[in-house]
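Participant: Quick mapping for you: the protein sequence lines, in order, are chains A and B. For the first sequence, numbering that gives the first Met the number 0 begins at 0 and goes up steadily by one. For the second sequence, numbering that gives the first Met the number 0 begins at 0 and goes up steadily by one.
These aren't lab readings, by the way, just hints derived from the structure by calculation. Computed from a prediction, not measured in an experiment: that's the story for all the values here. Be aware that a few hints might be false.
Said to hold, decoys possible - Here are the in silico distance ranges between beta carbons for each label pair:
(1) B:Glu204 x A:Glu147: 54 to 62 Å
(2) B:Asp145 x A:Glu214: 49 to 57 Å
(3) B:Arg348 x A:Phe222: 34 to 42 Å
(4) B:Glu117 x A:Asp223: 51 to 59 Å
(5) A:Lys12 x B:Glu329: 37 to 45 Å
(6) A:Lys12 x B:Asp145: 54 to 62 Å
(7) B:Gly267 x A:Gly145: 23 to 31 Å
(8) B:Gln258 x A:Gly187: 27 to 35 Å
(9) A:Lys220 x B:Gly322: 30 to 38 Å
(10) B:Gln48 x A:Glu258: 34 to 42 Å
(11) A:Ile328 x B:Arg348: 27 to 35 Å
(12) A:Lys12 x B:Arg369: 19 to 27 Å
(13) B:Gly267 x A:Asp155: 43 to 51 Å
The beta carbon of each residue, even a glycine, is placed where N, CA and C say it ideally should be.
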Amino acid sequence: MNFDYSDDQQAIKRTAHDLLVARFKPDTVRELAEGERYDEAHWDELCELGWPGIFIDDQYEGQGLGTVELVILLEELGYTLAPVPFLSNAAAGLALQHAGSDEQKDAHLKGIATGAERGTVGTLKNGVAELVPDADTAKLIVFLDGDEATLHKAEDCDIQPVDAIDQTRRYSRVVPGGDGEILPGDVGAASDRMAVAVSAELVGASQRVMEMAVEYARDRKQFDRPIGAYQAVAHRCADMLRETESARSATLWAAWAAEAEPETLPLASSMAKALASDAGWNVTSSALQVHGGIAFTWEHDLHFFLKRAKVDGSLFGSARRHRDRVADIHGLGAAA
Amino acid sequence: MDLTLSPNEQAFRDEVRGWLAENHPGEAPRGDDASFDFLKQWQLKLHEQGYAGLSWPEEYGGRGATLIEQAIFGEELARAKAPGPANVLGLVMGGPVVIAHGTDDQKKRYLEPILSGEEIWCQGFSEPDAGSDLASLKTRAVKDGDEWVVTGQKVWTTLAHEAKWCMLVARTDPDAPKHKGLTYFLMDMEQEAVQINPLHQITGEAEFNELFIEEARIPDANVIGGEGNGWMVAITTLMNERAGLGAGAAASMKIALGQLIELAKERGVDSDPLVRQKIAGLLIEVEALRLNAWRGLTAIMKTGIPGPEGSLPKLQWSAANQGLTELAMEIRGEEAAAKDSDWTYRFLRARANSIEGGTTEILKNIIAERVLNLPKLR
Numbered sequence: 000m001n002f003d004y005s006d007d008q009q010a011i012k013r014t015a016h017d018l019l020v021a022r023f024k025p026d027t028v029r030e031l032a033e034g035e036r037y038d039e040a041h042w043d044e045l046c047e048l049g050w051p052g053i054f055i056d057d058q059y060e061g062q063g064l065g066t067v068e069l070v071i072l073l074e075e076l077g078y079t080l081a082p083v084p085f086l087s088n089a090a091a092g093l094a095l096q097h098a099g100s101d102e103q104k105d106a107h108l109k110g111i112a113t114g115a116e117r118g119t120v121g122t123l124k125n126g127v128a129e130l131v132p133d134a135d136t137a138k139l140i141v142f143l144d145g146d147e148a149t150l151h152k153a154e155d156c157d158i159q160p161v162d163a164i165d166q167t168r169r170y171s172r173v174v175p176g177g178d179g180e181i182l183p184g185d186v187g188a189a190s191d192r193m194a195v196a197v198s199a200e201l202v203g204a205s206q207r208v209m210e211m212a213v214e215y216a217r218d219r220k221q222f223d224r225p226i227g228a229y230q231a232v233a234h235r236c237a238d239m240l241r242e243t244e245s246a247r248s249a250t251l252w253a254a255w256a257a258e259a260e261p262e263t264l265p266l267a268s269s270m271a272k273a274l275a276s277d278a279g280w281n282v283t284s285s286a287l288q289v290h291g292g293i294a295f296t297w298e299h300d301l302h303f304f305l306k307r308a309k310v311d312g313s314l315f316g317s318a319r320r321h322r323d324r325v326a327d328i329h330g331l332g333a334a335a
Numbered sequence: 000m001d002l003t004l005s006p007n008e009q010a011f012r013d014e015v016r017g018w019l020a021e022n023h024p025g026e027a028p029r030g031d032d033a034s035f036d037f038l039k040q041w042q043l044k045l046h047e048q049g050y051a052g053l054s055w056p057e058e059y060g061g062r063g064a065t066l067i068e069q070a071i072f073g074e075e076l077a078r079a080k081a082p083g084p085a086n087v088l089g090l091v092m093g094g095p096v097v098i099a100h101g102t103d104d105q106k107k108r109y110l111e112p113i114l115s116g117e118e119i120w121c122q123g124f125s126e127p128d129a130g131s132d133l134a135s136l137k138t139r140a141v142k143d144g145d146e147w148v149v150t151g152q153k154v155w156t157t158l159a160h161e162a163k164w165c166m167l168v169a170r171t172d173p174d175a176p177k178h179k180g181l182t183y184f185l186m187d188m189e190q191e192a193v194q195i196n197p198l199h200q201i202t203g204e205a206e207f208n209e210l211f212i213e214e215a216r217i218p219d220a221n222v223i224g225g226e227g228n229g230w231m232v233a234i235t236t237l238m239n240e241r242a243g244l245g246a247g248a249a250a251s252m253k254i255a256l257g258q259l260i261e262l263a264k265e266r267g268v269d270s271d272p273l274v275r276q277k278i279a280g281l282l283i284e285v286e287a288l289r290l291n292a293w294r295g296l297t298a299i300m301k302t303g304i305p306g307p308e309g310s311l312p313k314l315q316w317s318a319a320n321q322g323l324t325e326l327a328m329e330i331r332g333e334e335a336a337a338k339d340s341d342w343t344y345r346f347l348r349a350r351a352n353s354i355e356g357g358t359t360e361i362l363k364n365i366i367a368e369r370v371l372n373l374p375k376l377r
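Work out the full structure, taking the sequences as your base and the hints as a guide.
Facilitator: As structure tokens, this is what we get:
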């Protein structure tokens, strides 16, 4: 039993943290978010480091590491709210890796691993994917529809930008077009990993916002005392720690299970996403309350995290949907 | 990262599991005395097998088990629905304190009877006016030759009527700052000066007692850790109480969740969307508790210092157990009013969970001050 990173994983985490904190300073994130754009130079740098292919086999020019390493990067990307199309591209990579045929992998995984030809994933409801991250710049789009997945060329689809509250990422409403190819493999294994991936991003965002709230509670004085010396404020911060650490524990467990104990992955991924979705919202909204009026202003950075957390909370399944699945797995009767 | 048990840990788990299957004592008989005798017999058996004092170093008759092994043992005990040992406070708090702070003579005198259960221990910390603010306690001890004379009142004393020794913290220097003037004693419970009153609780039973101490005498040789060091010694005890309990608590909660799911099915409400969401929420919280507990143990074993996640299991356990028993009551509807029901008992008993062993508010204060480094709350 060793519920901690290995030395190599620790090194990846440190490197990713240092690089992303340097690259995505709050002013940079703000500038990109307000301009509603990415800087391709950022993406190119991550590609040179081999990050997009971290979990993809080396025969497709990936790094051949696992879900734990993917989750380490995503937590740090969430921590810095990095405006890059990483999550969407990774989701497409997971879909191809676990549900794609050999031909499909040969055709597309290299482009995803190197970041040269990006993909994304949308969830269909009545023939429409309402919120697809980075569809506007992707070459291919995987659509999840229940237990099935189809692969489409982005150029064949109808892609309309969504003016989303989360301005740190581009979102589109997409209607699939052209001839989709069925992904014949294990779609569940892919979508479970997507849920784990977005959970990691939520954990990172929660961690960062908790740190912001704690720092503010130490510095801000009212009635001649730091507000963190009032129990009502301090206990909010303690609850932020509880939710963030619980989501982190479950996300790491699920990422570990993805390779080491795949039979546990459906349950673990749903538990992780339910905890992370709730933590993301509860921590960011509570942190806004700790900051008071200042965090309600546009010029304070907290709202970027709050909005990302709200949107991430519903990507690849809301907390409610994942709790429903946990109930199913435990043999409770079908919801009336 | 590896969340599977190592071959050694797995062998230990299999050994414990196999032994429990063979030696499970069955259900405790009703009635306080009969049930306590039963637990004493059970402890003897555990002791013969080396399972009492699992965490104690081997030189003191323990097994020198790692924290992971202690957690495994807790899980297996819960999984098998086997009772804990009779002398739980002696094993979890008393022994470790004597080992850490006691003299050689004290170790020789006290440790073996704790392990065998021959001498039962109780804890005299809380007082009517000193609960969460333990260091404000008022029980006085005054030196008289080579003895101390103790007067005061203690409360929430489990097993007082069965105990030979009481871990007593008393004020020995009223002029010192409140944390500095305390001393840790072992008080012989078999003296007239100590009166025990059962404390009836909202469940109707009396698990706890009040102690009225009127000039009780304690030999100077029964001071642990030196005069004036009582606070430091007491804190070690409380830390021992908290470390490693999470894994066992999560295992017990999983069993209770299984019973809750059965109840929901029996009453035909397991397809009710709200009930499904609530049960799933509890399943998830208990899993988070289990994972945080194991992550915390890994952190302590690696660094010697508990990580932030290690401070969470007690909080999470009390909230989850209260939520679980409340939901069971809701599902049972009017039936839940009847006293003669295990669910109803558990529901009432769970009210204490967020108070005993550190209130939720105090635990959040500790997280805020020591983990998040927020300013002092007072």
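Participant: Each hint needs a verdict: does it hold in this structure or not?
Facilitator: Okay, the hints, checked on the actual structure:
1. B:Glu204 x A:Glu147: 54 to 62 Å: For Glu147 of chain A against Glu204 of chain B, whose Cβ atoms are near 57 Å apart, the range 54 to 62 Å holds.
2. B:Asp145 x A:Glu214: 49 to 57 Å: At 55 Å between Cβs, range holds.
3. B:Arg348 x A:Phe222: 34 to 42 Å: holds (40 Å)
4. B:Glu117 x A:Asp223: 51 to 59 Å: Cβ of Glu117 of chain B to Cβ of Asp223 of chain A: about 58 Å, so the range 51 to 59 Å holds.
5. A:Lys12 x B:Glu329: 37 to 45 Å: holds (43 Å)
6. A:Lys12 x B:Asp145: 54 to 62 Å: holds (59 Å)
7. B:Gly267 x A:Gly145: 23 to 31 Å: For Gly267 of chain B and Gly145 of chain A the Cβ distance comes to about 28 Å; the hint holds.
8. B:Gln258 x A:Gly187: 27 to 35 Å: holds (30 Å)
9. A:Lys220 x B:Gly322: 30 to 38 Å: holds (37 Å)
10. B:Gln48 x A:Glu258: 34 to 42 Å: For Gln48 of chain B and Glu258 of chain A the Cβ distance comes to about 37 Å; the hint holds.
11. A:Ile328 x B:Arg348: 27 to 35 Å: For Arg348 of chain B against Ile328 of chain A, whose Cβ atoms are near 30 Å apart, the range 27 to 35 Å holds.
12. A:Lys12 x B:Arg369: 19 to 27 Å: Holds, since Lys12 of chain A and Arg369 of chain B (Cβ atoms, about 24 Å apart) stay within the stated range.
13. B:Gly267 x A:Asp155: 43 to 51 Å: holds (49 Å)
Hint compliance for this structure: no hint is broken.
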